[in-house]
Amino acid sequence: MPKLTLNISTSPHVVKGLSTDTIMKHVVLALMPAAAFGVYVFGTGALLVMLTSTVFAVATEHLLNRWIRKNTTVNDYSAAITGLLLGMCLPPAFPLWMTAIGSAISIALGKFIFGGLGCNVFNPALVGRAFLQAAFPGAITTWTDPFKADRFFNVPSSVFAWPFMSPVVDGVSGATPLSAFKFDHVNSQSYDLVMGFCGGSAGETSAVFLLLGGIYLAWRKMLNWRIPVSVLLTVLVFSGTMHFLDATRYPSPVFMVFAGGLMLGAIFMATDMVASPVTSTGVWVYGAIIGILVVLIRLWGGLPEGVMYAILLTNAISPHIDNLIRPRVYGTLKKAKAS
Amino acid sequence: MDLFGSYRNTFRNGIHPPENKDTTNGLPIRQFPFAKEYIIPVSQHLGAPAQVVVREGQEVARGQLIAKAASYVSVPIHSPVSGIVRKIAMVPTLSGSMSEGIHIEPFPYSGQEVAEGKPIPLDTSTPEEILQAIQDCGIVGLGGAAFPTHVKLKVPPDKKCEYLILNGIECEPYLTTDHRVMLEQGEDIYTGIRYLMNATGAPKIIIAIEANKQDAADHLTRIKPTDLPVEIKVVPVKYPQGSEKMLITAVLGREVPSGGLPLDVGVVTVNIATTAEIGRLLPHGRGIQERVITITGPAIKKKGNYLIPIGTPLRFVLDHVGIAEDIAEVYMGGPMMGVAVSNLDISVTKGTSGILVFGSKDIRRSETVYPCIRCGACVDACPVSLNPSKLGILAKFEAYDKMVEDFNLMDCFECGSCSYVCPSHIPLVQYFRLSKARYKRHTALKPKSQDA
Ligand code: SF4
Ligand code: SF4
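Residue numbers (the working numbering), protein chains in the order written: chain A, 1 to 339; chain B, 340 to 791.
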């Protein structure tokens with residue numbers, strides 16, 4: 001027998017083989033079709049915004065790790081997801097310097113100060129988005145029309161605006177279906193909405209591609225399908241009830257589900273594993289709360305879009321959901337200690 | 340999800356690791372050759388180590404008592420071979436600690452006949468006599484835990500045993516010992532059942548078998564004596580169904596209370612190979628000298644199911660079956676709950692249900708540990724519905740009291756399902772083992788520190 005040194009591992013000695021970085025990589029992959037579609041519809045501007053935000057997110061993560069002398073964590077791909085998601089929920093002609101700041105804020109304030117991956121309370125991309133909304137309310141509600149003829153060659157000047165210098169709103173027109181409905185009572189065509197032939201953020205408009213990405217991830221068991229299903233069902237039922245009660249004031253449930261950032265939010269942002277509950281029951285409740293908040297904000301709030309705040313607020317109560325909703329431990333009585 | 344508290348032939352959650360049983364489940368049990376030396380640790384069961392009753396230089400016969408039970412929770416040990424006691428010294432064991440052990444050198448030309456003992460009559464013995472006989476034969480749970488069987492079978496006066504469940508689940512991947520025993524030792528199993536019925540007074544018997552061993556279920560059904568109230572129940576494959584509590588839930592839909600015993604819900608469970616052993620040994624009053632072990636794994640050349648004398652050195656076993664050049668890890672037991680071997684100088688014991696050898700290229704574990712991303716995979720895997728994610732975080736903060744009091748740490752039976760699924764490769768079970776030990780030590784110390 002050859003001379004040996006044996007490894008001492010602790011049981012279990014076999015593992016399933018799914019790895020966190022693999023999951024994250026696939027999430028990035030699943031976002032690609034919708035992002036590519038955004039570029040197709042909005043042109044080079046959208047591409048630049050999404051690229052910038054991804055690059056800055058990864059760079060920020062790397063530098064912050066360097067700063068506290070830790071090994072870099074960019075190879076777990078979570079920073080790339082954050083950056084890409086942020087880019088996808090920004091207007092396609094958003095100034096790049098603002099994008100970069102938003103990206104850095106996402107990582108630094110959305111993730112790093114909580115202790116990095118796994119410790120963040122909120123979805124980091126949405127933290128960056130909320131910051132940008134507060135800091136640059138004008139730029140973030142300035143939309144580009146889809147399918148402009150020169151969209152691949154002529155980048156809107158706002159994209160290359162110098163920090164704090166040039167006028168941010170430079171004649172870019174257009175509106176999103178949600179704002180059109182909210183402020184002008186214009187209904188969009190359902191077909192255009194589902195396909196994504198409409199105004200909106202760089203990567204949020206194509207419900208079809210977002211759904212495909214989501215289905216792929218759910219099939220690979222890399223995404224908790226219960227969250228998007230619960231969010232979308234709640235929105236459908238709640239807004240459907242309102243539409244049924246007063247069809248002139250409230251938009252159709254189909255419009256509510258497919259318009260704006262709901263698909264992107266429900267499938268890719270609400271499902272941020274770190275900021276959502278861990279139990280199946282908890283996840284249903286979490287999704288339902290997001291759905292209710294989305295409808296409340298959209299129908300009665302001052303903003304046309306409510307997905308971001310709905311998810312952020314629900315992120316904040318997610319730990320409490322986990323605390324309150326616990327499966328009964330095997331062999332204990334129904335009324336287990338809940339403290 | 341269990342909404343209505345009802346169980347249909349299963350238990351909550353659980354996992355489906357690749358079974359890897361196909362290479363050995365068709366191979367009949369073969370007798371293993373005799374080694375040049377046997378090393379028998381006196382501590383190879385749970386409970387008090389046995390007390391040596393032989394001297395160095397003494398001649399012993401195969402099946403002769405060489406160490407006696409030290410207390411009620413303890414079993415005696417019998418010589419696996421006819422030979423000479425060469426040495427009584429400290430020997431290494433699987434746990435890594437040393438134990439007293441008996442070295443026996445077999446007589447080279449002995450036919451190795453087994454010494455007959457006093458037969459235990461089936462019909463005229465009282466339950467106490469049968470339990471005593473089971474202890475005297477040195478029988479422990481052969482599924483791996485090696486808990487003295489007579490202790491488990493003892494039904495206290497205030498309890499009743501309604502069901503006797505025989506565990507033929509064998510949910511650990513790779514292992515096929517119980518499978519082969521069911522196929523080849525069916526008669527012994529039914530004899531064993533008769534003894535067990537007498538000992539426990541159980542009116543109903545269920546043999547539980549996972550669906551991947553349908554042939555064993557069919558065989559046992561075919562040869563079932565008509566007078567026995569035995570039901571053979573085939574349940575869907577899922578890990579960790581072989582664990583006592585999960586088995587009871589899967590078969591009867593009853594939940595054993597937290598911290599309780601199967602008898603609290605009127606059940607006694609016995610491993611199927613243990614039952615066969617009882618049926619084989621008691622009619623002759625013999626002690627246990629050998630057991631069936633699956634030797635398998637990618638780095639083993641002659642994989643199979645072998646009948647191996649207790650005390651055979653692991654090194655001899657591996658030499659005989661042949662191993663690949665680059666072996667990296669050896670486990671005793673299955674890949675989910677088995678223990679990694681640090682030292683090839685240990686020997687086969689009563690609790691060894693399998694020997695697995697992996698080469699370095701067969702190990703798919705990753706060394707990179709990511710932070711917990713709260714994906715919930717562990718929560719969906721835990722058969723007792725704990726929250727391993729939260730427990731894992733608390734363990735890092737050494738919040739042992741909170742883990743136990745608020746998050747039911749003590750209900751974790753270390754099945755490893757959570758670690759198996761964790762994409763961040765967090766060694767959760769390892770944390771929980773340590774945390775339990777720390778918690779116990781720290782609560783044991785508490786009253787003292789208050790006195791001081
Ligand atoms: S499986 Fe691992 S990463 Fe996922 S929640 Fe459990 S401990 Fe965390
Ligand atoms: S090892 Fe413990 S916590 Fe992990 S799945 Fe098994 S019982 Fe649950």
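Derived by calculation from the structure, the hints in this document are not laboratory data.
One or more of the hints may lead you astray.
Not everything, but these chain B residues come out facing chain A in the computed CB check (under 8 Å) [claimed, not checked]:
hint	residue
1	Y529
2	K584
3	M675
4	R703
5	E706
6	R713
7	S758
Covered stretches of chain B (in silico footprint by chain A; criterion: 3 or more residues with CB under 8 Å from a CB of chain A, positions within the stretch not fixed) [what the hints assert, rightly or not]:
hint	stretch
8	381-392
9	585-597
Just so you know, even glycine gets a beta-carbon here, dropped at the ideal spot from N, CA and C.
Interface restraint verdict for S758/B against chain A (beta-carbon cut-off 8 Å): 5 Å, holds
Mind checking the CB of Y529/B against every CB in chain A and telling me if the closest is under 8 Å? At 32 Å from the nearest chain A Cβ, Y529/B fails the 8 Å test, so the hint is violated.
Is the shortest C-beta separation between K584/B and chain A less than 8 Å? 7 Å, holds
Mind taking a look at whether chain A covers the stretch 585-597 of chain B? Criterion is 3 or more residues with CB to CB distance under 8 Å. Per the Cβ count (5), the hint holds.
When the least beta-carbon distance from R703/B to chain A is tested against 8 Å, hint result: 5 Å, holds
Restraint outcome when E706/B is required to lie within 8 Å of chain A by C-beta distance: 10 Å, violated
Can we keep the M675/B interface hint, with Cβ of chain A closer than 8 Å? Since chain A brings a Cβ to about 5 Å from M675/B, closer than 8 Å, the hint holds.
Would you settle whether the hint for R713/B is holds or violated, based on the nearest Cβ-Cβ distance to chain A being less than 8 Å? At 5 Å from the nearest chain A Cβ, R713/B passes the 8 Å test, so the hint holds.
At a Cβ distance under 8 Å, does chain A reach at least three residues of the stretch 381-392 of chain B? That given contact is violated, which follows from only 0 residues of the stretch 381-392 of chain B lying within Cβ reach (below 8 Å) of chain A.
Checked against the numbered hints given earlier, this structure breaks hints 1, 5, 8; the rest are met.
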